[in-house]
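Quick note, the sequences are listed as chains A and E, same order. So that you can map any letter, position 59 of the first sequence is 59 in our numbering, and since no number is skipped, the others follow by simple counting. So that you can map any letter, position 55 of the second sequence is 55 in our numbering, and since no number is skipped, the others follow by simple counting.
It should be emphasised that the hints constitute simulated quantities derived from the structure, not laboratory data. Warning: the hint list may mix true and false statements.
[What the hints assert, rightly or not] Computed from the model, here is a short list of chain E residues facing chain A with C-beta under 7 Å:
hint : residue
1    : Thr101
2    : Pro103
3    : Ala135
[To be verified] Calculated Cβ distances over 12 Å to all of chain E for the following chain A residues:
hint : residue
4    : Arg8
5    : Pro11
6    : Leu15
7    : Asp25
8    : Ile32
9    : Arg34
10   : Val36
11   : Ser39
12   : Leu68
13   : Ser71
14   : Leu72
These numbers were taken from a predicted model, which means no experiment stands behind them. All C-beta atoms in this analysis are idealised placements derived from N, C-alpha and C, irrespective of residue type, glycine included.
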Amino acid sequence: VQQYEQCRLDPVDQLSRTYRFLGLDPFEPAEIDREVNVSDGRKVALDPAAARRLAELYRADALDLAALVPSLDLSLWHSVTGDGVPS
Amino acid sequence: VTGATRRALDLVPGRLTRRLPSGVRADLRHRTGLTVPGDLAFAPVPPAPAAGERCGPPDFAVLGAADAGCDWWLSLVADHPDVAPGHRSAEAAQFFAPYCTEPFGPDEIAAFCAWFPRRPGRIVGYWSPDALAYAWVVPLLALAAPGARMVVLVRDPVDRLLDGLARTADRRPEHPGSWLSDAVDRGFYADQLDRLHQVYPPDRVLVLQYERCVADPVGSLTRTYAFLGVDPTYRARPLGPPAAADGSARDRLDPRTLDRLRGMYAADVAALAARCPDVDLDLWPNCSHGR
Chain A
1 VQQYEQCRLD
11 PVDQLSRTYR
21 FLGLDPFEPA
31 EIDREVNVSD
41 GRKVALDPAA
51 ARRLAELYRA
61 DALDLAALVP
71 SLDLSLWHSV
81 TGDGVPS
Chain E
1 VTGATRRALD
11 LVPGRLTRRL
21 PSGVRADLRH
31 RTGLTVPGDL
41 AFAPVPPAPA
51 AGERCGPPDF
61 AVLGAADAGC
71 DWWLSLVADH
81 PDVAPGHRSA
91 EAAQFFAPYC
101 TEPFGPDEIA
111 AFCAWFPRRP
121 GRIVGYWSPD
131 ALAYAWVVPL
141 LALAAPGARM
151 VVLVRDPVDR
161 LLDGLARTAD
171 RRPEHPGSWL
181 SDAVDRGFYA
191 DQLDRLHQVY
201 PPDRVLVLQY
211 ERCVADPVGS
221 LTRTYAFLGV
231 DPTYRARPLG
241 PPAAADGSAR
251 DRLDPRTLDR
261 LRGMYAADVA
271 ALAARCPDVD
281 LDLWPNCSHG
291 R
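Whole structure, please, built from the sequences with the hints as guidance.
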């Protein structure tokens, strides 16, 4: 299980994990920083109260997932930690 | 707008109407009475309350699952003289759907309550076959009707799935995966019940089994009336079965596919039975198999 945010922060390290898991030799693609399928639409602008409701909706599931996947870094998911979610 | 005009507008392909600006679409729907529940551009307005009626939060809700008889059950409950008929329209049922990412505050709560007129001394109920399936809806319902009692109908998940797919076959979208995923997910009742219990404690939730309601409508209706605090001995009319599919779709299913579906739901059914000792798995032949 790999976390999108960790892959964006450190693609070389995360790709190494993937290669190791697949039994492949270490390798660094030449275009590792090339962006793929870049979003061209604006994100939904969330009302602060709706953001809090959604954070609450997903929090328990995210904590369950973190218990199953210790490598998951919940500090990267602001809706779970509460950082960036209006109080 | 005449019925003939409405029927003619109904025939206009969606790919043409979708090209209209949302405000024009909303105005068109208002003028014609055509509704697309869940579309935020369309703001349905309930009929004004009659003289002597007042509006407020519903006293109870009959929630899905879809194709588990909740509309039929509410119609029986609403026969009771102490229960107001309410508006069992798609607009009211889908009221919360658009608010997943939208503000929901006092104005929206007041708009919701306008759907529930009742005379003094009567109770009134909300009905939705989708509220349990849409994870964001129950917390909104709890904001709008914190004191309500919840009646939940569940049905053998494989039978429910097959009848639901048959009923919605004409809505199958270009991406069949999302259509199937929605239908499959609605049968994972334990997860949905967990979410409901986070905002409505178990003593405010009555879980009924569709099959038991069909087999013993009098006993199940007596339980429901007692749970809602109205006279449980009332009988308004002969209690016939719902006009629902008979589950025969199961008999036409490939046996190995049926086994896969049973396996898919097995853990959730076990979790549901653990939470609700009244759920009798012998009434669900797809789920009692191999126990």
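Does Ala135 of chain E meet its interface restraint, that is, does its C-beta lie within less than 7 Å of any C-beta in chain A? holds, 6 Å
- Run the C-beta distances from Leu15 of chain A to all of chain E and say if the shortest one exceeds 12 Å. holds, 28 Å
Original post:
Hey, does Arg8 of chain A actually stay past 12 Å from chain E on C-beta?
Top reply: holds, 23 Å
Q | Restraint outcome when Thr101 of chain E is required to lie within 7 Å of chain A by C-beta distance | A | Hint holds; Thr101 of chain E Cβ to chain A Cβ min 5 Å, cut 7 Å.
Review point. Does the claim that Leu68 of chain A lies outside the interface with chain E hold up, using a Cβ gap greater than 12 Å?
Key: holds, 15 Å
Original post:
Looking at Asp25 of chain A again, its CB stays over 12 Å from all of chain E?
Top reply: holds, 35 Å
- Distance rule for Val36 of chain A, whose beta carbon must clear each one in chain E by more than 12 Å: Given a closest Cβ separation of 21 Å, the condition holds.
For Ser39 of chain A, is the shortest CB-to-CB distance to chain E above 12 Å, so the non-interface label stands? holds, 16 Å
Chain E versus Leu72 of chain A - minimum CB to CB distance exceeding 12 Å, so not interface: holds, 21 Å
Assertion that Arg34 of chain A lies farther than 12 Å from chain E (Cβ): Its Cβ never comes within 12 Å of chain E, the nearest being 28 Å, so this holds.
Task: Nearest-CB test (12 Å) between chain E and Pro11 of chain A - done: Correct as stated: the minimum Cβ-Cβ distance to chain E is 29 Å, above 12 Å.
Practice item. Confirm or reject the statement that Ile32 of chain A sits farther than 12 Å, beta carbon to beta carbon, from all of chain E. Key: Label holds. Min Cβ-Cβ 31 Å, cutoff 12 Å.
In summary, this structure violates none of the numbered hints.
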